[in-house]
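Undergrad: Sequences and hints are given; from them, build the entire structure.
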Amino acid sequence: MLMRDIQTILWKEWKEMFAWRAAGRGTLLSTLVILLLLGAFLPLQSGEAWFTQPLTLACWAWVPVFLTLGIVTDSFAGERERHTLETLLATRLPDTAILLGKILASVLYGWGVAVLGLCLSALTLNIWLKGGPYFYAPAFFAAALGLSLLATALFASLGVLASLRAATARQAFQRLSIIMLVFYFLPFSVQFLPAHLRLRITEVLAGLDLAGLMAFVTVILLIGDVVAIYLCFRRFQRAHLLTD
Amino acid sequence: MSVYAIRTDHLTRTFNHLQAVDDLNLEVPAGVVFGFLGPNGAGKTTTLRLLLGLLQPTAGTAIVLGHDVRTRADAIRARCGALLEHTGLYERLSAEDNLDLFGRINRLPAGERRARIRQLLTDLELWERRREPVATWSRGMKQKLAIARALLHRPALLLVDEPTAGLDALSAAALRGDLARLAHQEGITIFLTTHNLSEAEKLCQQVAVIRAGRLLAVGSPQELRRRRGGQVHLVVHGLTPGVLDGLRTTFGHEAVQSGPEDGHILLHLAPPSPQSVTSVVTYLVHQGVAVEEVYHEQVSLEEVFLSLVQENEHDADA
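Heads up: the protein sequence lines correspond to chains Z and C, in order. Taking our numbering, I'd label the letters of the first sequence as residues -13 to 230. Taking our numbering, I'd label the letters of the second sequence as residues 327 to 644.
Just to be clear, a hint being listed does not mean it is correct.
[As the list claims (entries may be wrong)] Chain C side only, calculated, beta carbon under 7 Å to chain Z, not exhaustive:
#1 L378
#2 L380
#3 L381
#4 H412
#5 G414
#6 R418
#7 I431
#8 R553
[As the list claims (entries may be wrong)] A few chain C residues facing chain Z, derived, Cβ under 10 Å:
#9 R333
#10 G379
#11 G392
#12 A404
#13 L415
#14 D426
#15 L427
#16 W463
#17 A476
If you're looking for bench data, these hints aren't it; they were derived computationally from the structure. All values derive from a computational prediction rather than experimental measurement. Cβ coordinates follow ideal geometry from the N, Cα and C atoms, glycine included.
TA: Structure, rendered in structure tokens:
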């Protein structure tokens, strides 16, 4: 039953995302640009190395994150702004279905584009390069899929968290941007650590191969996902969503 | 099932230092249209939110359709339809998609959902425009659609917050008509908040008056009018000062408001029961006064409401 309720929210979110002519055109256009850039332009620049280089992983882990930002910050704050939140909360839908439905709508959209892009880039290269067929190594492909899923889930949850109590979608977007900045500047903060700690971190990272690094990032993202989703559930209280 | 759709017992909700709902005791019988009247900021919307379990009471309890709002809000929401302060429609979606969404939310099977959407939209004369985005509709049409959405899953109780607010007179009258017809057709209880007294008079079998979170009066509009008393006009001939003094001595100085002026006496009897009017007429006839005409001037619900609110203001000032 819970799955059916989540599906209902997914249906609503996607319908709103694509059905409305103006919004739908914008969403389709941005999706198309991303697919052209990462499904054709970048692979053609990289050639055969596209199937093995870490840049591919980095691209597909981060691209869906950017795709979801605008959508996810609209999730609750946008409904509040358009005066539909109270009516939605007055229905029989359980909290879990509303919350997970909203997170999943963004995650599946972002991740779906990532999967499509990975396959499209492989297709582009197979057409362009001679001597195929070419495809990603299974571990590499799994890592790209896994990392993009985890990264999207993390930022979708953080976006929902920012959106839960924000008065407008714009305010939610600003809050999420600040959170994103923290993530971007975190690596730079290493230089403020004591010299011996910096040395130790460099040694550990240098000792890791690509697989080890991926495992490390996966664990970090997984922990981040669990914490962010937990915080969303903690913060989702019908009474506070209306009165704050 | 309980004879009451809603029962509140000392229901209280405080926001910081503001008592939005103050010790509210209310019984709403099942199957009636119940009007919850009050000026702006009286606590009507907060009461509605408390009844839907969207807010937790600070004190007291509320039982809606046999369920406690504190513990079974989900069960209440499943059996209630709500049209709140805003229409709550997804303006990017079409009317049909809006209803389809709420049909899905309420787990109506696809076939039943389609049939019900067609029935409601046809009833409300919106069927032809079902595929248009709601954003392009007038406010009156949106309000009608919101009513259709609230009734879609055949709820036992419909909670409606100021349904005609912001509508022109014509649209408001049409909406009132639709609401009354659909409520009768569906046989549901309607709890309607409004500050439009003529609306309450036309739609409601029972009303409650609330101000600053406190319940001032409850009953049918007729009962409330009667309780406030009314003026009885008598057109008489042959009234002497002696008879008038006798009238005042027998029925009280306050009862005889004015007269005699051109043979006209104005009586204020609270409550103006037929017996008390008969006694006055009998007394006058016994005294040799010819009673030409007796008529009862009705107090409107608006006058009742204003006097209740003003009395409450005086009490608060005192």
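Undergrad: Could you run down the list of hints and mark each one as holding or not?
TA: Now for the hints, and whether the structure bears them out:
Because the smallest distance between the Cβ of C:L378 and any Cβ of chain Z comes to about 5 Å, under 7 Å, the interface hint for this residue holds. The closest approach between the C-beta of C:L380 and any C-beta of chain Z is roughly 6 Å, which is under the 7 Å cut-off, so the hint is satisfied. The beta carbon of C:L381 comes within 5 Å of a beta carbon in chain Z, closer than 7 Å, and the hint placing it at the interface holds. A hinted interface residue such as C:H412 counts as satisfied when its beta carbon comes closer than 7 Å to some beta carbon of chain Z; here the least separation is about 4 Å, so the hint holds.
Interface hint status for C:G414: upheld, as the beta-carbon distance to the closest one in chain Z is roughly 3 Å, under 7 Å. Taken as an interface hint, C:R418 checks out: its beta carbon lies about 4 Å from the nearest beta carbon of chain Z, inside 7 Å. At about 5 Å, the closest approach between the beta carbon of C:I431 and any beta carbon in chain Z falls short of 7 Å, and the interface hint on this residue holds. For C:R553, the suggested interface contact is broken, since its CB lies about 34 Å from the closest CB of chain Z, more than 7 Å.
A least Cβ separation of about 20 Å between C:R333 and chain Z goes past the 10 Å threshold, and the interface hint is therefore violated. Below 10 Å, beta-carbon pairs count as interface contacts, and C:G379 has one with chain Z at about 8 Å; its hint therefore holds. The restraint placing C:G392 at the interface with chain Z is violated, with a minimum CB-CB distance near 16 Å, outside the 10 Å limit. Below 10 Å, beta-carbon pairs count as interface contacts, and C:A404 has one with chain Z at about 4 Å; its hint therefore holds.
Checking C:L415 against chain Z by beta carbon gives a least distance of about 7 Å; that is within 10 Å, so the hint holds. For C:D426, the interface hint holds, the least distance from its beta-carbon to any beta-carbon of chain Z being 9 Å, beneath 10 Å. This hint holds: C:L427 has a C-beta 5 Å from the nearest C-beta of chain Z, less than the 10 Å allowed. Taking 10 Å as the C-beta cut-off, the interface hint given for C:W463 is violated, the closest approach to chain Z being about 14 Å.
The criterion of a C-beta within 10 Å of any C-beta in chain Z is met by C:A476, whose closest approach is roughly 9 Å, and the hint holds.
Violation of the numbered hints given earlier is confined to hints 8, 9, 11, 16; the remaining hints are satisfied by the structure.
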